[in-house]
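Based on the sequences and whatever the hints tell you, model everything.
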Amino acid sequence: EADIYQTPRYLVIGTGKKITLECSQTMGHDKMYWYQQDPGMELHLIHYSYGVNSTEKGDLSSESTVSRIRTEHFPLTLESARPSHTSQYLCASSGGAYSPLHFGNGTRLTVT
Amino acid sequence: RKEVEQDPGPFNVPEGATVAFNCTYSNSASQSFFWYRQDCRKEPKLLMSVYSSGNEDGRFTAQLNRASQYISLLIRDSKLSDSATYLCVVNSPNYGGSQGNLIFGKGTKLSVKP
Chain C
1 EADIYQTPRY
11 LVIGTGKKIT
21 LECSQTMGHD
31 KMYWYQQDPG
41 MELHLIHYSY
51 GVNSTEKGDL
61 SSESTVSRIR
71 TEHFPLTLES
81 ARPSHTSQYL
91 CASSGGAYSP
101 LHFGNGTRLT
111 VT
Chain P
1 RKEVEQDPGP
11 FNVPEGATVA
21 FNCTYSNSAS
31 QSFFWYRQDC
41 RKEPKLLMSV
51 YSSGNEDGRF
61 TAQLNRASQY
71 ISLLIRDSKL
81 SDSATYLCVV
91 NSPNYGGSQG
101 NLIFGKGTKL
111 SVKP
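Chains C and P are the protein sequences, given in the same order. The first sequence begins at 1 in the working numbering and counts up one residue at a time. The second sequence begins at 1 in the working numbering and counts up one residue at a time.
A hint or two may mislead.
[To be verified] Simulated coverage check for chain C against chain P, where a stretch passes if three residues somewhere in it have a Cβ under 8 Å from a Cβ of chain P:
| no. | segment |
| --- | --- |
| 1 | 41 to 48 |
| 2 | 89 to 97 |
[Claimed, not checked] Simulated pairs of lysine-lysine, DSS-like, Cα-Cα distance not exceeding 27 Å:
| no. | chain 1 | residue 1 | chain 2 | residue 2 |
| --- | --- | --- | --- | --- |
| 3 | C | 57 | P | 2 |
| 4 | P | 113 | P | 45 |
| 5 | P | 113 | P | 42 |
| 6 | C | 57 | C | 17 |
| 7 | P | 2 | P | 45 |
| 8 | P | 106 | C | 57 |
| 9 | P | 42 | P | 109 |
| 10 | P | 42 | P | 79 |
| 11 | C | 57 | P | 113 |
| 12 | C | 57 | P | 45 |
| 13 | P | 42 | C | 17 |
| 14 | P | 2 | P | 106 |
| 15 | C | 18 | C | 57 |
| 16 | P | 113 | P | 79 |
| 17 | P | 109 | P | 2 |
| 18 | P | 106 | P | 42 |
| 19 | P | 109 | P | 79 |
| 20 | P | 109 | C | 18 |
Calculated from the structure, these hints are not laboratory results. Cβ coordinates follow ideal geometry from the N, Cα and C atoms, glycine included.
What follows is the structure in structure tokens.
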């Protein structure tokens, strides 16, 4: 079983607040990803990283930012949360270009 | 044409039925293929990788047809617990920089009824 952890599991926060969603993996994977998924809808890639100090935007425009200072840690930050950010955020990691993704159990964000 | 396309579903089948899902991909340079399962409001979980020669894991069989650029998943003797959304995933060398990335299909929902 993959060792990738996300916190918090659920978060309800007011509009305008700054939030950071945490994601850590203990597998030493270089590649890490953030996906956004609304209930019953498809996954959308919002950020990815190929290693330390590497971050790229995905195919879905997002107001969030990410950082990759350590291999095992890939946090996602929203500077000013809005109701439109309400969604599930899934973090994943991979051991290589042709390897499968391993997902964390997600953070379900609600912005009121 | 989208990079990865799946049967739209939903598939509603009785217990014990055999069900097959197909998925087509557009990039002929794709090298790795997977099927994931996602339960409602949960994260996707790897069901199986798909190898060129085809592979089987219990009641599940995955096949790859490179010439026609599709992969398939066959589930035999369906169980109630098989009810989930099945995601086709394909590596695309040109997606997301030089290292490529995995592209997820939209998923096919399976509902197995008693």
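These are the hints, each one checked on the structure:
1. Coverage of the segment 41 to 48 of chain C by chain P holds [criterion: at least 3 residues with CB-CB distance below 8 Å; count 4].
2. Proximity of the segment 89 to 97 of chain C to chain P, defined as three or more residues with a beta carbon under 8 Å from a beta carbon of that chain, is established by the 3 residues found.
3. A distance of roughly 20 Å separates the Cα atoms of residue 57 of chain C and residue 2 of chain P; the hinted pair therefore holds under the 27 Å criterion.
4. Between the alpha carbons of residue 113 of chain P and residue 45 of chain P the distance comes to roughly 22 Å, so the proposed pair stays at or under 27 Å and holds.
5. Between residue 113 of chain P and residue 42 of chain P, the direct Cα distance comes to roughly 21 Å. Compliance with the 27 Å bound is thereby established for this hinted pair.
6. A threshold of 27 Å between alpha carbons decides the hint, and for residue 57 of chain C with residue 17 of chain C the separation of about 22 Å falls inside it, so the pair holds.
7. Among the hinted pairs, residue 2 of chain P with residue 45 of chain P is consistent with the structure: their alpha-carbon atoms are about 23 Å apart, no more than 27 Å.
8. Between residue 106 of chain P and residue 57 of chain C the alpha-carbon distance is near 20 Å, which keeps this suggested pair within the 27 Å criterion.
9. For the given pair, residue 42 of chain P sits about 14 Å from residue 109 of chain P by alpha-carbon distance, which is consistent with the 27 Å threshold.
10. Between residue 42 of chain P and residue 79 of chain P, the direct Cα distance comes to roughly 19 Å. Compliance with the 27 Å bound is thereby established for this hinted pair.
11. With a C-alpha separation of about 41 Å, the suggested pairing of residue 57 of chain C with residue 113 of chain P is violated against the 27 Å cut-off.
12. Restraint check for residue 57 of chain C and residue 45 of chain P: the C-alpha separation of about 23 Å stays at or below 27 Å, so the hint holds.
13. Distance restraint check for residue 42 of chain P and residue 17 of chain C: the Cα-Cα separation of roughly 26 Å lies within the 27 Å cut-off, and the hinted pair is therefore satisfied.
14. The suggested pairing of residue 2 of chain P with residue 106 of chain P holds, with an alpha-carbon distance near 11 Å, which does not exceed 27 Å.
15. Restraint check: the Cα-Cα separation between residue 18 of chain C and residue 57 of chain C comes to about 20 Å, which is no more than 27 Å; the hinted pair holds.
16. Of the pairs offered as hints, the one joining residue 113 of chain P and residue 79 of chain P holds, with about 8 Å between alpha carbons and a cut-off of 27 Å not exceeded.
17. Proximity of residue 109 of chain P to residue 2 of chain P is assessed by CA-CA distance (about 19 Å); at most 27 Å being required, the pair is judged to hold.
18. Taken as a hint, the residue 106 of chain P and residue 42 of chain P pair is honoured in the structure, with Cα atoms around 15 Å apart against an allowance of 27 Å.
19. Simply put, residue 109 of chain P and residue 79 of chain P have alpha-carbon atoms about 14 Å apart, close enough for the 27 Å limit, and the pair holds.
20. For the suggested pair residue 109 of chain P and residue 18 of chain C, the alpha carbons sit about 35 Å apart, so the restraint of at most 27 Å is broken.
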